[in-house]
Structures are given as structure tokens and as C-alpha cells.
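Enquirer: The chain contents come next:
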Amino acid sequence: MPADTTPIGIRLVAYQVGFGDCFLLTFRYARGERHVLVDFGTMELPAGAPRDQLRQVALDVEARCHRDPATGEADPLAVVATHRHRDHISGFSTDGGKRARRARAGRGEARTSGEIIRDLRPRLVIQPWTEDPELPVDAKAPRPARALSSRAFRALLDDMAEISRLAIAEGERLQAATRSTAFRELAGRELGFLGQNNLSNESAVRNLMEMGRAGRAVYARYGSDSGLGAFLRGVKVRVLGPPTVEQSAAVRTQRRKDPDEYWHLRAQVHAFWGGQARILRAADVAGTVRLARSGARAGRGPFPRAEVFDPRRLPPAVWLFKRRALEARGQELLEMVRVLDDVLNNTSLILHFQVGNLALLFPGDAQLECWSHALAGPHARRNQALLAGVDLYKVGHHGSLNATPRSLWALFEKKGPAKALRTVVSTLEGVHGHEDRRTEVPRRTLVTALKAESTYFTTQRVTRGLGQFTEIDPRERKPVWSAWKPLPAVDA
Amino acid sequence: MATKKVTRRTRSPASAAAVPTTRTLTIVARDPSVVRRGGVLLARVAVPYETLAPGPVGHRLRVVDVDTATGLVYRPHPEPNGEDPFRSWYADPGKDRTKLLADPRFHQQNVYAIAMRTLALFERALGRRVAWGFEGHQLHIAPHAFVDANAYYSRAQESLMFGYFPVPAKGAPRRRARGRPEHVYLCLSHDVVAHEATHALVDGLRPFYQDPSSADQAAFHEAFADVVALLSFFSLSEITGALLDDVGRGPRVSARELTVERLRRSVLFAMGKEVAEATDGRGRVLRRSVELPPSRRLLERPEFQEPHRRGEVLVAAMLDAFLTTWAARARDIVDTRTGTVSRDRAVEDGALAAERLLQGAIRALDYAPPVDLELGDFLSALLTADREIQPDGEQRRELLRARFAAYGIDPATESGYWDPPPHATRLEGMYFDALQRDPQEVFRFLWENRERGALDLDPAADTRVTSVRPCVRIATDGFVLRETVAEYVQTLELRADELPEGLRPRSVPPDLRVTLHGGGTLLFDQFGKLKFHVQNRITSSRQRERIAYLWSAGGVGDRESLRASISFSDLHRRRAAAGPALPNVRLPRSARAG
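Each protein sequence line maps, in turn, to chains A and B. By our numbering, the letter at position 438 of the first sequence is numbered 438, and the numbering carries on one by one without gaps. Position in the second sequence (first residue = 1) + 1000 = our numbering.
Only chain B is shown next, with the shape it has when bound in the complex (with noise of 0.2 Å):
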């Protein structure tokens, strides 16, 4: 739910200055080769509130312009909490924007205002606050860290590096639009800002998912990325309207063209071909997943096996239910009369299509199992946390599930949703208001409901409470949905040969040391009882394929290792030269061993 204006909220009586709950900032729409007007297209995007320091730096996040290649560390602007400095160059699209763009401290905001809206885009959608995948609170952020066409998140550095690097003379425009710089800033990127600031919220969430497991979740850290970082953009009304701008011009735009196809085609026009080429090869990635046409067989050809391939076929699941749904809203409002729908419109339904499904796909990761995720649980979590949040949705969640069958990617369960618990858990001499915070309290939840018939657990295994949190989820129509979520994790080591009768692959040796993850999250209700246990049992068939795959890829007993050495700089690297992605990646020099 996007705030469009500033709005105000009294503080206590002592205080008796407002202050506002948003800060509206420009930055550039979505890259310096989207024109408009011959000018760089440019949006305003509203993010909370906060007291900046100059960098600018707040509670969650800390711009250091700090330059590697050249030593150089720029300053930032000195008056951060002041009306936004750049709303001019906003107001006025005809004006020159090459001061603009060769200005760090724009770029400067561009990364803090991205950044920012993302997070807050997840922390509307849970409902609650989110942290990051290390121990401290501020995220830095260095938009030109290296000269370089890589950008990435690292955990060990608590930051987003971003680089920067000379327009290429072959793959740059032809016509330089005005405005446009004469180096490829990945800072200035929407969607690559948003990708790598989803990496770390990602990580702070469901930190096993960067765990070699399967190649679905070697897959869905990067697509997810990329479909926040898609649905991001196309939740900002300047860029549905740039989108609508290929289509028709006019107030009142042709119902006949708002079609899928027509909407793809101009996604694409939208993506930036030449530049998106030219650049890190992300654009070129995202460009593929946008172009993939459907097929349920997409899955199990060969070369989707490879981890980023196959994180594209989730990507454009996501982008086809993005545009069905806008088509869709195009046909609800036209006027039969004249056959056209008002353009303004057809632009606020296209941006509000996009927040709404990408607010569904962040709450999705809370219902989402906490250790190896394949793309079918990810559904599932999508389908039952819109249900639980609207329940009266049903007409998405069939356009949401035929979109993803379309493309072979079908729901873990049979009806689609998370079954509720079989039987009812035990509660007694528990706390409701310790459940909804304390891992200990959790813990003495999980040890009375442990025994098969309830929650299942493994009795070997080294359990331990990864999180506990309490959630006030807001629907768009005002719903309000409180929930605890909890997840735990499971760890078992042994020799394969002590593996449960039918999970050890015959390729696998006997004397082998295995490392086994399993786990679960835990739904409470607003009552304390348990609405759903989304579990990936430890010893679950499943694990015999993710065994045979780790044991193929190498990662069969060096899971903390391969762990511990992946990383996304590496990943973008190898992605963008259509080299092997998680956890493949760093495999061959760690384990293919004799």
C-alpha cells in the first residue's frame, strides 16, 4: 500500500511539533537509459520517515561513498532532513539532467530512497520489523564501491557494494539522450538497488536459503530478487505509465491493445534493451525471463537445471501474473461505448497490481518452510498467505495458480494451501504472550508436540528455535491479520551408511558424513494456536533427492563450508557471464574431491 502524500501523526503531548511519517525523494525511475522527452526518466517514491545524518544515514541504513578505484570518498549533502534537493529536476522534465546525474549525492539519495522502499516494502508486508541478516543494525551502502559491472551483498561486510564503469563505445546508444552519463552507474539501477537490498533482507528472513540444497532454492535467492526488483518498478505509477506511453498516448487508450502480449512488448521496450546489453548482463537476464514463453515441460529440460536458468522460469511465473492481472483490470473498467479505458486509470491499476502481488510474494517467505524450499512450497505459501489475509480473494489465487501451472510449477499440496494440523497441539502450562516472543517458550512448544501424529519431530536431531515473531498484517482493503510466526531448524550428522532405509542414494559411499537440515515454521493465531505447520522433515523422502543432487554437485558433507564461501559478488559474476549459480558455484574447487 503505497503512501502517495506526506501525512502527519501527532507525537506525545511534550512534543508539540508533527512530524511527517514519510519522506517523499526522487530518483531515477528505473535506469538512465529510460527516456522520456528526451530527458531521464525520473519518479518520487515515498519512504518512512526518519532523523538523517548526512550521508545519508538512518536507523537501518548507512550511504558511505566511499570510492576504491579512486581513493576518493564523496561527501555527502549536509542538510539531509530538509525538503528533498532534487525535486526540481522532478518537476521539470524538459530540464537538462546531465548536472543531475554527475551529481554523487543524487546518487547518493537514489541508493537510500531504494534501499528504503524496499525495506519498507517488507516490513508493510509482514507486518512487522525486519532484521538483517547480521548482527547490527545499519546496513552501508556504497553506490561506487569498485570500477566494475557487478554489484552484490555481503553479509561478512554488512553492505551493498555497487560498481560503476565506462559506457561501452559498441554497446552504448547510438543517440546519447541528454542527461544520460558517460559511465554506467549501478546505483542509479532500480532494479539492481532493489535486487541486492532484497539479497540482505532475504538473508536476514530465511538465512538457510543461501545452503546448498536443491536446485530450487539454489534457484530462488536470485529470482526472488529479481521479482522484487521487477515488481518494484512496475509498482510506481511512472513507470506504468512510461509502459502505457508505447501503447497509446492519449487520455484514453485502446481496451483492444491492453492486452498480455501487447503489455510484454512493452515491457521490454521499457527494459532498455541496448543498455540492459551493455551492462552487467543482469538486464539481459531479466530481459530472458520476461521473453520465456510458457511451458509446463520448461522445468525439466536440461538446461533449467543450471540454478539462475531455473530461478527465470519463477521470475516470469510472477511477471505473467503481473500482466494478466493488469490486463484483466483493463477489461473491468472500459467503456463499452468507446471500447478505451481512461489511461490515468489503467496506469494506477497497473502499479497497484504490481505492489499488491509483490506485498503477497513478501508475505508468501513467512509461510514459507525455513531449509530447502522448492518452487512448488513457494506457491503454496503465496496461495495460502493471500487467503489468509483476504480470504475472499479466490478469483487471483486461481489466475496466481494457473499462471505458475502454466509454467510447470504446481503447489506442494493438492488443494493448493497449507493443510492446518491434523490434530490439535498441546498448550497446557505454556504462555500466550511468551510463544509470541520467546524461542524458549517455542521450544517447550515444539518438545510437548513432538511425537508423531503432531508436529513430527525427529528425536536424533539437535533442534533449535531460529526466530519467533509477532505480525499485524494489513490487507489492502484494511484487513487486519495478526499472526506469530516461528520457525525452527533441525540438524542431523551421520555416516550415509546410518542414513534412514531409502534415503541413501546408491552413487553415495558408506562412509560418507552426511549433514541433514530439516525444519519448519509455525503459524500462531491471534489465540496462540497453531494454524499452520509448514514443515520439511528431516528425514522426508524428499531429502533423498536433495542428497543424490548435493552429492552430484559435491556438497554432501561440506555443507558449512560451501555455506560459509558462497557469495553473491561471485554469483553476479558467474551469472552474468551464463556461468553455473549457487551452489554449483563454488563446488567444483571444495568437493569434487577424492
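This is chain A alone, in the form it adopts within the complex (with noise of 0.2 Å):
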């Protein structure tokens, strides 16, 4: 067998970003090391990680990449963004701010974590079609009773995204009227925290998109070519997800029985969050009172001279109601943007490696809705059959519950009480959701689930150095996962 045809083993690091995704999956072969870096970002770190967690952890990867400082040359790299989430791509930024980069200047290192992986120069750059900057945003919304075209789909996640800035400014708004932890816990925690998440990260975006076109941009959708395939020889790469808007529809066509599970790509839902947006500027209107000899006044707002309470003397029943409705605003302002979080992490890119009888799998954040095309679209028979030999599975969305789809479950064939099957996943807990009410990440549910049927990793247990690795010889008749060992450093 001619060398560089096959890889001779298989190396993935799971690095600790807290909440987030980092994974590089290293290919080895006779003659070097070709790298995939899947996703590099985070929302929140774990206590006690350094500041500059994301700056090591790039440093970490560039020395894995072996690269040589004075002529710049380094392994073969691919970088996946599965989607524009700030906890998968945060960690592409260029922008570090003035303060860090002092700072770094100081200890004699002065590039962000998105320029060292720049310094890479990463030769294929892959995005779910969504981030396509070729693909014209629609200028108009189209008529409701249309279907909705991909392009003004992408007009609708930058509307969502200047929601999701509303929705912040508005519940720091409300916040400070209400004065109250319990606000904070209630809502105002978990909505900064979506909130930010959906914002849009332009120095990550941009530094990705520039990566792109030094070296090859891939958008990809369901069904097209990742451009994995040739950078990775012997390792056959399919991209199970996003559909296209068009491919959903087609599979609405199919499965009228499950309309729900497109919903957001309808016609009628891009007016509805254009005007949702609209609607929430409005919102930004900071009362005013004029305290007059006749009583307090209304100053701006919607009944401008009305009479209103002096809101220093509120009567005891209205101010509590007062907050109980600031409460209730909190909560439907997280409702919004649970949904515009549930969106975009339906953009996620699902990737299916196999190399010889070895799969895995890496579906970013995808919940059912992504899956709907690989699950129940024209290639329902063969998907299924690949999904049925995964190996390893990236446990999608941090452990929560919506993004392991029963059905998806279902079909791994290697689960069970052997645990041959492997499962890893990236998180923190006590940042996202409540346990309360059956949404913490990571779902207690679902780890036992996959701790009895699978054996798991999750990164929370890299508690010292960068994060852990485990490895495969794919040559083996039956290839076995080694342990999950700390990551060694890097010799020079």
C-alpha cells in the first residue's frame, strides 16, 4: 500500500474551553500529520482557567501543528466553525482589546488566540452554507404565504442576531428597575448568557472568512463536499447537515405528519422576527417623570403629561406587582431568544468521518430540526446505516437534552452495556438552563443515559493542563479507543 493512501492512527484532543467546543482530530499518516481543528470557542470558562485560556489553548495547537517560527511552515490544517455561535467560533476572534494585548506585549507574546490559528494559515475553511458571503441577503422579506428562500434565511439570523441585542439591553434594563437577585437567577442570567451567544462575533466571522479565501472557503450543506475528502486521504467525509431551506421543504413535502420541525424556515416567520426587531427598538424608551405641584407626569413615553406615580412612592401592592411583571417581561424576553439560540444552532454543520470500518461523528449543536434531511430526506436508508456503526460520537450542544434526538440515538449500534461505543462532550455545568425546570446543560438525563450505554468523557474532568486525548490505530481489525490521558506538552 503506497504511503500517505491511509492513516496510521488517530488522535483527538478535547481541550477545555469550558463552556464550548474545541477538538482538534489529528490524522496521522507515513509521511506527517494533516489536522482538523473542529470548532474553537467558548462562553464561559471554568473557575480557576486562566484568562488567557484560549490564547494557550491556540498556542497548544500551533505547536501540535508543528509549525516552524522562522519560515512560517507548518502541518496540514483544516478549521471547522460547525456554526457562528460565540461557544464554537469565539476563539477565531483577532480582537483581543487594549488592555490584553498590553498585556501579552508584556510577557512577549502579542497575538490573539485567532491570529496564532491564522499564523496557521489554514489551508480549507469550513462553514455551514449560512455563512456564505456570497449568498445574498434578500432585501425584501417574501410574502408570507411563499416558501423562504436561503438567501432570506440569512437575512433572517441577522435579524435574530439584532434581537438578541435588544433582548440583552432590554432585560439589563429591567434588571436594574428591579433591583433583585432573584431576577437575576430567574431570567437575567440565562438571557445575557443566550443573548450574548447569538450576538454576532464580526472579529471571529471575519478572521474565519479571510482564512477562507487565503486559502480554499467551503460552505457547506447537506449532501456537498466538505473538500475534507481530498485534504484527508483515506478518510471518507460526508456532510449529514444543514439542509438548505429548499432540502427542508422538500422533506416537509415527505413528512407532513412533522411540520413543526420546520417552522422556522417559513416565509411567515422571517416577517414576523423583521418586525419582532423593529418592534424591540422601539422599546428603548427610558421614562421620564416631571414631579409638578398637580402630581408626577409622564415626560416620554406613550402618554406624554398622563399622570403617574412619583416612583419613589409607589403603593406597596403596586410595586410588587411592578415586579412581578419586570419578572414576567424577563422571562418572555428568554423565551425569545431560546428560540433565535434554537435556530442557529439548527445552522450547525454535521460532519461523519469514516475511515475504514471507523466512524465518527460531529454534529456541532444540531438539534432535530437540522437532522431532518439526513434522518427522514431521500438518503433516510443510508444515513441511518452510517449513523448505526458511529464509534464516537461529539455529544451535541454541551449535553443538553434537545440536540441527542431519540431517534438519533436510537440508531447507534454500538451503545449498550459493552460501552464500545465512545462519547465526548465539551462543557460546564451550572452556566446554561435550570435544573428545576428540566433544561440544565448538561441534561442529567441524558449523561446517565450515556454513561450507561457508552463510555464518556466530558471535558469537565480536565481539571489540570489544556485538555485530554485519546487515540485509535483505524489498521486494526477491531480498532479500540485508547483511555482519555492528559495532553503531554508539545516538544519544539
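It cannot be assumed that every hint is accurate.
What the hints assert, rightly or not - To be clear about the criterion: a stretch of chain A counts as covered by chain B if any three or more of its residues have a C-beta under 8 Å from a C-beta of chain B, and this derived list gives those stretches: (1) 204–214; (2) 315–325; (3) 328–341.
Hints in this document: simulated from the structure, not taken from any laboratory. Built from N, CA and C at the ideal position, the CB exists for glycine as well.
Take the two lone chains, each set in its own frame, and fit them into one complex as the hints suggest.
Expert: Right, dumping it as C-alpha cells:
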């Protein structure tokens, strides 16, 4: 067998990035290594982690790519950004802020994490089709009765980012008005968390785009070529998601019993969220009160000059209800950003790597809607057979309940008491969702199932060092993944 | 039965002063988009009299005008017990109403009057007091709670919240009518206020209807709130009058014009297309219900498996029944010489037809099963309730049955009515008086009659009597009906492989934990004899379909958390955005798991 036609080893590094994802897949060939960085971002680092954890991770990736600082030469690298949530791409940001930049300069390292990755000159940058800058944004929303186009969907995503920004701002105003820790616990914290995650991370987005231009940019959709097949010899990589709007519509027609799974793609939804952004913009009206001899009067607001209560002397019953209304509004905003969060999660790239009989699945944060075309579309049977053979599953959305659809979990044939299936989750407890609402991430019941039926690893076990790794030799007749081990330092 | 004038009753001899039984208040007839003679159409409605505190705050409603967007709290009218302060606006239709609609105190009165009127409609139809779905006695109402195109009832917050937002630039009517405000205030929309108040009332009467169960039950809460909202404003003579304006404006109207289709077009016109399109999406949905052509196969169509679209079918059937009744009444009063009908009489007949149908629909809730409602159950409940209070109204019931059948909704029983219990039930050792009020006594009744052939309860299930309510119902013709309505709920938790033979759908894994609910409504007559037992058995064959539905939607085994997570604000937003409604709304997050 000629050299470099098939990998002689695979190593998966799971970095400790708190609530976020960062995995480095290394394919060893007889003549060297090739790397695929799957996501690089965080929303919150674990307690005690250094502030520059992402930069340290980037430096580790650089070292593993054997970059020669003098020539700039490094192992071939491909970058995958499954979707635009911050917890998946913030590490690609080149904007470190002045203070951080000064601090780094003092220690002799001026590059941000995004710049370090950029210096590796990735040959391939793969993102979902929704990020394609060539996909023009529709100037006008389509008419409600008509199907929504993929272009309009891009516009919808932009509206949604705007809504997230406005929701965060309104949530902060509500927090200031309630002056209550209860509000923060009830809605404020999660609202800020999800809202921030939804916000467009412009520096990271720009860096990904520029790296793609410098190398090769691929904006993949279900069934398209990811470019990884040519990059990784002897590895077949299939894109199982996200479907385009048109592909989703085809599935919707086929499986009409589940029309709700595709609701977010409807044209009417576009019109609605566009209107929602406009309305929330109007909500930014700080009411003013004029205290006159005749009593307090409204200044700005919908009823100028109407009589109002002096805000410093609200009757107790009124104050109590005001607090209740503020909390209710916080909850409502939270519901709104949760919907937006789901929509962005459903733009996730789903990649299936096949090396011989070995299969690895990296689904980003995809939820059922994103899986729809793969599981119910024209190639459903073939895809189900592929998924049945998965050996290693990167658990979707940091272990949230909705990102491991029942229909998907049921397919994995290697799960069971023998725990032949490997599962890996990158997560941080206590920052997303609430246990009493059964929305905590990672979800307890899912983790119980994963532990019972698979060999489970969570990055929460990484309390020292930057991460842990597992390896496998795909050439063996019955390849077995090694136990997870702490990441050793890389020889320069 | 609307009270048209202020009537008086005498208090005890110690109280010399007589107090009125009703108070008449000015409201916006439908919403500010409906204009007549250049001004927003107003109406006057009678609501039960009570001694109000500023707000208005009464014994069941507490209006607190908090605006979370601006942080302001608008002061209420200081003298809520005096004469209606906005009466002069109604009396003078030519007066510019800009100032009226820019007065938050009028908004406060509007929400109070419509919510109170809706409550009174329920209490009059059911013949008893109706509790809210939470422990408190007073429902809070915030007419300007936030800037958003949403309004909702929240059980947790014990409140109705209404949003407001600037009139959209594109969607606004080109020619702004006099008095039309710059903002869209959902608290000024009659159907929105009645809709939200109905959610609060149905939640008090049937708390399990918020549970995920079947596509029908998921559709019902929203659909019923729409039915009440629509019939509530069609029962205002100002609105039926406005509908007839589009048919003819003279004192007599051509009978040939009073057809169902002509009236339907008029209804669509009155629903204010432009603003409805531009606002919260609910107007658009209501319009779609009105336009829905009858078809026996509607409910089988894929798009009508989505709960809110399914609900439109129920709304369409009820509205069709209303318009058919109204048109039929017009035929009865036609002057054969001129081929015309009196306009005033037709207006009155239309309002009365809406009011009667509305009362029947509300009364049907007492004849409906407490859990797992299906649309056919509701029709049987509607027909049985109607027969009980007006035994001679066979023609009306035939019409109802025909209009529902046209939309593919057939009653749950062959006769259309609930069947009386097959065997006499045991009453030995029980007291009639206690059976009218005491859940313990009703539970004893269940226990003594639990066996197959009597009430046929599942012996393994946990059984709880959830309410016992004596009622005095008065028909529009003065007929008095005394009944006691009691409800019980049964709960059974088991693994899927423990389900009785035939109940476990193939797709459900054997180790899945399943919570089953069943239950029944017991209707006792004035002598304590059981008239009807409307039951959904915990192990009935219909449970198989429910389990399959919930499994596909992800609801099996996690019903309590789903119930807790369902919110009307989310539901309304998704509905406006044409998204899924109950119960699928929350299922993806909490249940589509491995």
C-alpha cells in the first residue's frame, strides 16, 4: 500500500474551554500529520482557568501543527466552524482588546488566539452554507404565503442577532429596575448568556472568512463536498447537515406529519421576526417623570403628560406587582432568545468521518430540525446505516437534552452495556438552564444514559492542563480507542 | 342574557340605599381600526356592579397600569364608583376621539370592562361563581405591560399582560382615521382582551387542558379562547349593527342580502384587515378561521395536524353556526310584501344569536371530560348541555350538528348526546347536601360505584376529586336547571411494558416511564341522581393514540415538566409567527432526548 493513502493513527484532543467546543483531530500518515480543528470557542471558562486559556489552547494547536516560527511552515490544517455561536467560534477572534494586548506584549506574545490560528494558514475553512458571504441577503422579506428562500434565511439570521442584542439591552434595563438577585436567577443570567451567544461575533466571523479566502473556503450543506475528502486521504467525510431551506421544504412535503420541525424556515416567520426587531427597538424608551405641584406626570413614553405615580412613592401593592411584571417580561425575553438560540444551533454542520470501519460523528449543536434531511430525506436509509456504525460521538450542544434526538440515539448500534460507543462532551455545569425546569446543561438524564450505554468523557474532568486526548489505530482489525490521557507538552 | 339597562335591587332593610346590580361602561367596540363616521367605534357594556377601588380594582380583577418598558406606572381614575367618565364620548359619535384613545385611564377601564364582562358571561352561563386557575381571588391586569406585539395569561404571575407597539409604517392604513392612536394597544382590542380572560377562566375550570395530550386538546385552549372572543364582540349590538351597515344602511334591509356568505364578507370587513395584518398576527389567524371553507376532510389534512391550525377548524364551525343561525332568524322575520327585514330587529337577533351560542359553548365545558378532550367530545358536550337547558331546541341542535359535520367534527357518541349511566348508581349512606359540595362525599360515591358496569374506574390508579360545584342555570326563556358538577382525575405511572395489552404503540421503548391520566365529569340532578358520567377511561383504547402522539411529540413520561413549561406568551408568539402550538412548542427542548 503506498504511503499516505490511509491514516496510520487518529488522535482526538478535547480542550478545556469551559462552556464551549474545541477539538483537534489529528490524522497521522506515514509521512506526517494532518489536523482538523473542529470549533474553537467558549462562553464561560471554568473557575480557576487562566484568562488567556483560549490563547494557550491556540498555542498548543500551533505546537501540535509543528509550526516552524522561522519559516511559518506547519502541518496542513483544516478549520471547521460548525455554526456562528460564540461558544464555537470566539477563539477565532483577532480582537483581544487593548488591555489584553498590552498584557501579552509584556510577556512577549502579542498574538490573539485567532491570530495564532490564522498564522497556521489553514488550507481549508469549512462553515455551514448560512455563512456564505456570496449568498446575497434578500432586500425584502418574501411574501408570507411563499416559501422562504435560503437567501432570505440569511437575512433572518441577521434580524435574530439584532433581536438578541435588543433583548439583552432590555434585560439589563429590567435588572436595573428590579434591583433584585431573584430576577437575575430567574431570567437575567440566562438571558444574558444566550443573548450574548447569539450575537454576531464579528471579529471571529471576519477571521474565518479571511482564512478561507487565503486558503480554500467551503460553505457546506447536506450532501455537499466538504473538501475534507481531498485534504484527508483515506478518509471519507460526509456532510449530513445543515439542509438548505429548499432541502428542508422537500422533507416537509415528504413528512407532513412533522410540519412543526421546520417552522423556523417559513416565510411568515421571517416577516414576524423582522417585525419583532423593529418593535424591540421601540422598547428602548426610558420613561421620564416630571414632578409638578399637581403631582407626577409622564415625560417621554406613549402617554406624555399622563398622571403617573411618583416612582419613589409607589403604593406597596403597585410596587409588588411592578416587580412581578418586570420578572414576567424577563421570562418572555428569555423565551424569545431561546427560540433564536435553537434556530442558530440548527445551522450546525454535521460531519461524519469514516476511516475504514471506524466512524466519528461531529454534529456541532444540531437539533432535530437540522437532522431532518439526513434522517428523513431521500437518503434516510443510507444515512441511518452510516449512523448505526458510529464509534465516537461528539455529544451535541454540550449535553443539552434537545441536541441528541431520540431518533438519532436509537440508531447507534455500538451503544449498550459493553460500552463500545465512545461519547465525548465539552461542557461546563451550572451556566446554562435550570435543573428545576429540566433544561440544565448538561442534562442529568442524558448524562445518565450516556454513562450507562457508552464510554463517556467530559471535559469537566480536565482540571489540570489544557485538555486530554484519546488515540486509535484504524488499521487494526478491531480498533479500540485508548483511555483518555492528559495532554503532554509538545516538543518544539 | 345581556342586561341592557341598570337594574336595581333592594338591600336588607338595614340598608336604606339601593345599589345597582350592573354598571355600564364605555369600551372600544372591537379595536381602534374599526371606524364609523370617521371615528373609532365605541360600545357600552353592562358588567356586574361592585364597589371599586381606583385601578379599577374589584373583587375579581385588579388593574395595575405598570409599563416595564418605560418604568412608569399610570395613575388610575380616582373615583371609580361614579358615573362612567367616558360616557360623553359614546354619546357624541362625531367627537374627535384622539384624546380618549390617548388616555391610559380609558385603556384601564376598557380592559376591566371586557375582562369583567367575560367573567360575567361565564358565571351566568355556568350558574355559579368561577375561580381562577391559581389560588388568589384577584386576577392582575397590566394594560401596558411591555412594548411587544404579544399579550398573554400567566398562571404563575396570576395576571394578564398586554403589550403595545408603534403602528408599523408599512402596515398602517393610508388614511389615518380621526382618533386612531400612533401605537397599537392590544388592551384596546376586544377580542385580545376576551381571549386572554378566557384562557384564565378555562384554566380555572379545566386545568388539565394545558397538558399535552392529543392534537385536539392542544388545539382547544386557543380555539376556545378565539370562539369566546369572536362571539363576545358579535354579541354587542354595536358590532352587529356595524356588520349590517355593510349590507344596507336604511331602516329596512333586503332579506336577499342577509345570506351566510354576505354576512361572512361583512364579518371579514369588520375584522379590520390592514391593522390585523400589521399587528400581532392573531387578527390574521381569526380572519383565516372566518374564511375557512367547510370540508369533511379538513382535520385529516397534514397542515391541520398542527394544533393552532386544527383549532381554526373549531372556530370556523362555531362561526359558521352563528352566521347560519343569524341568517335563518332573518328569514323568519321577513316582510313578504317588501322582501325586507327591520334593521333594528336583525341587529338585535344577530347579537342574541351570538350570545346564546356563546353561553352554550361555555356551558359545554361543564359537560366535557376533565382530561384529554377531543373535538367530538366538545360537540357532544355542547349538544347535551343545550338539550338539558332547552329540551325543545332540537332545531338549533340539528343546525349545530350539521355545521360541525360540515367541518368534519362528529360527536363522540352515535346519538350526539352523552348517554345516561347504564345502571343506577348506589347512593346508600351518602348525603345529598354533602354530595353537592364536599369532595370527600363525591369520592365516597366514586368508591361505592367503582366497579365495571357502574363508573368503571381503574382500581390501580390514584383517584382525586378535583372539584364539586353546585349550579343554578337559567335559560334565555327563564327555564331554571339545578345541577351539581363534580370532576375527578385518575393518574397511573408505569413502564411502557406494563401498559395493558394493545395500549403500547410499537415505537415506544419498553422501559420508558409513562404517566397516564384519565378522569370523568359527574353531573348530578337536583335530587342527587347521576345524570351523566362523561369519562375518559385511563386505559381506554384512545389512550393508545395519545401515547403514540405524545411519543412522537416527545411528551410521554415527562408530562409534568411539560405542563409546567407551557406558557401562553410563547404560544402566542409562535402562533403569530406561524410556528407550532401546544404541545410541540416546548417538546423539542425538553423531550427529544436519548
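Enquirer: Please verify the coverage claim for the segment 204–214 of chain A: does it have three or more residues whose C-beta sits within 8 Å of some C-beta in chain B?
Expert: violated (count 0)
Enquirer: Would you check chain B against the segment 328–341 of chain A, counting CB to CB pairs closer than 8 Å, and say if three or more residues qualify?
Expert: holds (count 8)
Enquirer: Within the segment 315–325 of chain A, is the number of residues with a Cβ closer than 8 Å to a Cβ of chain B three or more?
Expert: holds (count 6)
Checked against the numbered hints above, the structure breaks only hint 1 and satisfies the rest.
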